[in-house]
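Undergrad: Below are the chains, spelled out letter by letter.
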Amino acid sequence: MKKLMWLTLAITLTLLLVVGCGSQAPKETPEKKSGEEAAPPEQKEPIKLGAIFDITGATGDVGAPYADGAKNYIAYLNSQGGINGRKIELIDIDYAYKIPQAIEAYNKLVKQHKVVAILGWGTGDTEALVEKIRQDKIPYISGSYSENLLEIETHPYNFLVAPSYSDQIRFVLQWIKDNWTDTSRNPKVAFIYNDTGFGRSPIEDGREFAQKIGVDLVDEEIVDLKALDATSQLLNMKKTEPDFAILQETSNATATVLKDAKKLGLTTQFIGLNWAADEKVVELAGNAAEGYIGVIPFAFPYEDLPAIQEIKNWVESNGGNWAEKNQKFIQGWVSAAVMAEGMKRAGDDITGEGIQKGLESIKNFDLGGLASPVSFSAESHRGALKARLYQVKDGKFVPLTDWMSLPER
Amino acid sequence: MRNPFVMNCGVFTTSYRQDMAFHFTPLAHLRVMIIVALLFLFPFMVNEYVVSVANLVGIAVIGALGLNILTGFTGQISIGHGAFLGVGAYTSAILTTKLGLSFWIALPLAGIVTALVGSIFGIPSLRLKGLYLAIATLAAQVIIEFTIIHWTSLTNGTRGMILPAPQLAGYSLDSDRSYYFLILVLALLATVFAFNLFRTRPGRAFVAIRDRDIAAEVIGIDLFKYKIMAFALSSFYAGIAGSLWAHYLTIISPEHFTISVSIEYLAMIIIGGLGSVMGSIYGALFMTLLPVLLRTLAEALSSIFPDIESVFLGLREAVFGATIILFLIFEPEGIAKIWKNIKDYFHLWPFSY
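Same order as they appear, the protein sequences are chains H and P. Start counting the first sequence at 1; every next residue gets the next number (our numbering). Start counting the second sequence at 1; every next residue gets the next number (our numbering).
Hint data in this document are derived by calculation from the structure and do not stem from the laboratory. Keep in mind it's a predicted model, so treat the numbers as computed, not measured. Treat the hints with care, since some could be wrong.
Said to hold, decoys possible - Some chain H residues near chain P, calculated using beta-carbon distances under 7 Å: (1) Ile99; (2) Pro100; (3) Gln101; (4) Asn107; (5) Lys108; (6) Gln112; (7) Lys114; (8) Ala128; (9) Glu131; (10) Asn148; (11) Asp195; (12) Arg200.
C-beta atoms are modelled at their ideal positions from N, C-alpha and C, and glycine is treated no differently.
Throw the hints in and build the complete structure from the sequences for me.
TA: Shown next as structure tokens:
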């Protein structure tokens, strides 16, 4: 009984402490807010930028380096004097890839912190938030490249910095067609994807495009994101003898497919869209990843580019370990850089609408090879118009093609 | 009237009416009134963000009450509650967007449709118990999720559906504050109904089935009828919660109703207290607020220890798991029991023997 009392006492005290902290926060905000309103713009208040990252959730393996990249860019930008003389205050929240927590985080950022724009993450949560994003006029750049987010009438504040999944699958299909030498028959292709919004996103467009350009889609297989075995699907696929298989998965499932394909002796050439192609695939699949091709919209940290050198110098001069950074770090860096460019172009009009106009005025924004040049307009938020393919050779992704224009839809 | 401020030192009822009363003392009655009044004033005392968190809590309360009726009071484990929320949400979405019905008709219909679906999946409960039933309801989760994803002509598949915010007399309930009152009223109704349910014949039958189903049948309780009724009621609650969730977000997709949602609801009623109406509320509060509180704590401490934030974030999942284990070991009856112990302690103090 005594033990129980101590336990209850401890819990009550913790709760009181936590509640105490919790009730402080709302009190702070109105003061800050009133200060902000009273202060003339010359006082150089920091610009508040929100971020909803996945650091500890299901996609934390790629989400954590992405968040790291974005944070590093903001720190780098602030060290260069910020935007138009104003520093950027990045308020980031880890939502653990759970939609209710993403909504809660979004509300906190918009209603409590009054951020002017947000860097987001997943397909499920970005799509869950589009209505609120539109109502609150919050420019939103997320890690999801779903074609759905490009419908400009309904999603006027969502921007995509990389080719959409549909664009990527069309790009791969076009490349297959262009490089097909056997004139006796069309190339045969299979799709491998997962049963989520993310996985199914490009499939419909892929089917249509394959038919349009004369690539035979012979099979579609569903492999779960967390699958540790894909043998039955691959055996199924083997019967139809596809020349190519296009993967829309994340690193883990991709590695599973590549390993099982090697085990079964498949000769199919596997090609992954951007989340299915990074250092982690090579690490997990090892030898089985040899020859694997991926759509790579962002540069690898080991590439020899002046922009990479600049980031490397910044990271190392701030005590970071460059060897630990991967491609997703660059991706986070680029997303934040594009958002910052939009803010810069918004000038003194740092509001949702101002930044939207700023982003829409970006034309061929040169990222020094870190990603395809980004362009937006009031009609289209399809940021990237080019893509390229990399192939794994000796355990490393090396360029297979240069930046090439995306095919006509 | 008795002086409301004197402590009571025992309950002495002299009529059945008094015996069945909710509040034995005027003070308790007053306290409930004050709490309800505070709940109605709450959105005017805090900023909009806090209101939005309260909305998430309110929806979770309704869902957790439903699951507690089934699992806590009737002893039928369900791992399909997340999917039942989805049935409610999608029913509401289809009725309002495809058939153009008003939200006020779609909401009860969502509850009824979910109750029907729930009772179908409840049929195996006559033969199956415990783990076996858990797997059967897991099948419900998988089947419903599969249906939502693949019946694209009706549900739009993985792309999700966009639906309107409810209208009340020409006024759109699309702000957090206005929606708060809708959720609050429904959550209060749900709570009062649940409290009263266990004072009625079906409610007592549920508890009898949980305690020993064979004995319950021997004394004349129709097991099949009452088990299905428990599933229907529980799913009705889930349907209402799902409909509220859908119209709050105004966009839904299958990713909102995965198995992890089902497990989160199970965790809510375990932590809050199985077989306790108030427990469902405490559990919903706890599970929704824990991530918020941990983050607030991390933010508060980060001014003293700059690196603590990343450590705290990593700890969160561990804290979730550890909390459930600690509850199972030290207080299987959950927060509701802890709260009762605290109250008893002060009731009896200083003569705690």
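Undergrad: Hint by hint, note whether the structure agrees.
TA: Each hint tested on the structure:
1. Ile99: 5 Å, holds
2. Pro100: 6 Å, holds
3. Gln101: Constraint on glutamine 101 of chain H satisfied, holds at 6 Å.
4. Asn107: Hint holds; asparagine 107 of chain H Cβ to chain P Cβ min 4 Å, cut 7 Å.
5. Lys108: 5 Å, holds
6. Gln112: 4 Å, holds
7. Lys114: 10 Å, violated
8. Ala128: At about 6 Å, which falls below the 7 Å cut-off, the nearest Cβ of chain P leaves the hint on alanine 128 of chain H intact, so it holds.
9. Glu131: 5 Å, holds
10. Asn148: 6 Å, holds
11. Asp195: 6 Å, holds
12. Arg200: 5 Å, holds
Of the numbered hints listed earlier, the single one contradicted by the structure is hint 7.
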